[in-house]
Amino acid sequence: MSALFNTNFLNTLIIIGIVVSAIFTVIIDDILPCVIASSVVGTFIALEFLLLRAPDVAIAEGAVGAILTPFIFVITLKKVNEKEGKG
Amino acid sequence: MLINYIGAFIVMILGLYIMMSKKNLIKIVIGMSLVDSGLNLLLVSVGFRPGGTAPIFITDLKPGAFFVDPVPQALTLTSIVIGACVSALALSLIIKIQEKYGTIDADKVRRLRG
Amino acid sequence: MKKFLAWFSLSILLAFSVYVSFVMAALPSTYNGISNIIVKNTIERTGAINAVTAIVFDFRGYDTLGESFVLFTAVSGSAVILRNYKKNSVTPLEKDLKNSQKNKSNLEIIKEIDKKRDSIIERDSIIVSTANLVLPISLSLGAYVILHGHLSPGGGFQGGVLIAGAVAIVFLAYGMDRVSKVFNAERIKVYESVGALSFLLLGTLGVVYGYNFFKNVIYNQGKPGMLYSSGTIFWMNFAVGYKVLAGIGFLLITMIGTLNAEEKE
Chain A
1 MSALFNTNFL NTLIIIGIVV SAIFTVIIDD ILPCVIASSV VGTFIALEFL LLRAPDVAIA
61 EGAVGAILTP FIFVITLKKV NEKEGKG
Chain B
1 MLINYIGAFI VMILGLYIMM SKKNLIKIVI GMSLVDSGLN LLLVSVGFRP GGTAPIFITD
61 LKPGAFFVDP VPQALTLTSI VIGACVSALA LSLIIKIQEK YGTIDADKVR RLRG
Chain C
1 MKKFLAWFSL SILLAFSVYV SFVMAALPST YNGISNIIVK NTIERTGAIN AVTAIVFDFR
61 GYDTLGESFV LFTAVSGSAV ILRNYKKNSV TPLEKDLKNS QKNKSNLEII KEIDKKRDSI
121 IERDSIIVST ANLVLPISLS LGAYVILHGH LSPGGGFQGG VLIAGAVAIV FLAYGMDRVS
181 KVFNAERIKV YESVGALSFL LLGTLGVVYG YNFFKNVIYN QGKPGMLYSS GTIFWMNFAV
241 GYKVLAGIGF LLITMIGTLN AEEKE
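From first to last, the protein sequence lines stand for chains A, B and C.
When you line the first sequence up against the working numbering, it's residues 1 to 87, in that order.
When you line the second sequence up against the working numbering, it's residues 1 to 114, in that order.
When you line the third sequence up against the working numbering, it's residues 1 to 265, in that order.
Isolated chain A (complex conformation) (with noise of 0.2 Å):
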């Protein structure tokens, strides 16, 4: 009954954070912080797969949504805000 009870803790607790971080997604108004807590709300969603018996899926969901999407989010923005000077 006690490990019940401490499984719907942390699970509970993953997702306050999950719901918290998305929370600062929409708040934040530059556009790197927000891919950043993107990248946190992945990263959460994977402990929250892990927690869900899923260990495959949490192994794709953290390679991807976490370290993949952002990277190249990042790369965009960079092109994006490059100065037309240096050609």
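Read the hints as simulated data drawn from the structure, not as lab findings.
Every residue, glycine too, gets a C-beta built ideally from N, C-alpha and C.
Possibly wrong hints are sitting among the right ones.
To be verified - Within a straight-line C-alpha distance of at most 30 Å, the following computed BS3-like cross-link-like pairs (lysine-lysine) qualify:
| id | chain 1 | residue 1 | chain 2 | residue 2 |
| --- | --- | --- | --- | --- |
| 1 | B | LYS22 | A | LYS79 |
| 2 | C | LYS181 | B | LYS96 |
| 3 | C | LYS215 | C | LYS189 |
| 4 | B | LYS108 | B | LYS96 |
| 5 | A | LYS79 | C | LYS215 |
| 6 | C | LYS2 | B | LYS108 |
| 7 | B | LYS108 | C | LYS189 |
| 8 | B | LYS96 | B | LYS22 |
| 9 | B | LYS108 | B | LYS23 |
| 10 | B | LYS62 | A | LYS78 |
To be verified - Facing chain B, a subset of chain A residues (Cβ under 7 Å, in silico):
| id | residue |
| --- | --- |
| 11 | THR12 |
| 12 | LEU13 |
| 13 | ILE15 |
| 14 | LYS79 |
Said to hold, decoys possible - Have a look at the derived ranges for each label pair, beta carbon to beta carbon:
| id | chain 1 | residue 1 | chain 2 | residue 2 | range |
| --- | --- | --- | --- | --- | --- |
| 15 | C | ILE81 | A | ILE27 | 14 to 22 Å |
| 16 | C | ALA25 | A | LEU13 | 17 to 25 Å |
| 17 | B | THR59 | A | ASN8 | 27 to 35 Å |
| 18 | C | ILE126 | A | LEU47 | 43 to 51 Å |
Go by the hints and put chains B and C onto chain A.
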């Protein structure tokens, strides 16, 4: 479980709000990525059975152990890859839009110009 | 007015979704249906230990085929959209060197270009030394995850994405020029097509033996638990892992190649 469903729906609705009301094109793509992540969380939470274990047939399985549902996990793998692909293609389009229009403000690129 | 309308409609949506989640929590479990049959028959019919890999490559192989199509389309579409950017491979610096020293061998010319270019840009030493340590570890971890897809959590996609991170690590540590020298973009494009075609041909192995498409016909070679077991799932893991690493590597090289060359004076 109940709180997983509510959390996933909240993340999806926040992503939808970003897509609806922000002006910067890159932020709209971030919102789309949030909707994808929330949807994947919802899919995997449907197949959870309390007390179950991961669906791998290890040799020393306890008698009386039962698995969680492996079919939603297999479908979620496909969904994750498709979400990343759509984000990458949208970002390539944004690079081209910035080169042609000079700006990535969603209000200014709305009209088609010849 | 617009913001109020957005908040109002989204709060109605939120109330509706809370009601839907209460109804979803009261439904019976989805296990007593197809999943029961699949879990009971996994080891006899496929010989794979990992049930999720068996479902992805054997029981629901068509979905994996469709997902391969989507990945291929995204990479090709991205390469077509970003086509007109000149690759930063030949600059006036290299042209001068090549015209003045025609009788030296190619290796010596490249070494001189490297020396000249490395002295222009100074690299951050922490990132370079960390990348030198992390790169072989991540490559071997990715290869392990691809090959042991049917025995432990992992599989084709996960390992492919892990290996494709090597492009990102090389770009962060050594800059864009080294990326275009280490990775040959034309060949990686060919490798992706080779991976996709071999995945398709492994699916037609079932038709050759007389059964339906995507049937696992060589599943009883080796006991369940050994590395070479579970028939076509082992080969399909390898083919899909190869395709994913080549595809995502090519996508990253294409997007990195659009950045202008950075030079410090």
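Each hint, compared with the structure:
1. LYS22/B x LYS79/A: holds, 21 Å
2. LYS181/C x LYS96/B: Holds - the C-alpha atoms of LYS96/B and LYS181/C are around 25 Å apart, at most 30 Å.
3. LYS215/C x LYS189/C: Distance ~29 Å between LYS215/C and LYS189/C Cα, so the pair holds.
4. LYS108/B x LYS96/B: Holds, because 15 Å separates the two Cα atoms, which is no more than 30 Å.
5. LYS79/A x LYS215/C: violated, 46 Å
6. LYS2/C x LYS108/B: holds, 18 Å
7. LYS108/B x LYS189/C: Violated: LYS108/B and LYS189/C sit about 36 Å apart, past 30 Å.
8. LYS96/B x LYS22/B: It holds: about 20 Å lies between the C-alpha atoms, which stays within 30 Å.
9. LYS108/B x LYS23/B: At roughly 10 Å apart (the allowed maximum being 30 Å), LYS23/B and LYS108/B satisfy the hint.
10. LYS62/B x LYS78/A: violated, 53 Å
11. THR12: Holds: closest Cβ of chain B sits about 6 Å from THR12/A, inside 7 Å.
12. LEU13: Violated - the Cβ of LEU13/A stays beyond 7 Å from chain B, reaching only about 11 Å at its closest.
13. ILE15: Constraint on ILE15/A satisfied, holds at 4 Å.
14. LYS79: With a minimum Cβ separation of about 6 Å from chain B (threshold 7 Å), the hint on LYS79/A holds.
15. ILE81/C x ILE27/A: 14 to 22 Å: violated, 32 Å
16. ALA25/C x LEU13/A: 17 to 25 Å: The hint (17 to 25 Å, Cβ to Cβ) holds, given that ALA25/C and LEU13/A are roughly 19 Å apart.
17. THR59/B x ASN8/A: 27 to 35 Å: holds, 30 Å
18. ILE126/C x LEU47/A: 43 to 51 Å: Since the Cβ atoms of ILE126/C and LEU47/A sit about 27 Å apart, the hinted range of 43 to 51 Å is violated.
Hints 5, 7, 10, 12, 15 and 18, counting from the list given before, are not met by this structure.
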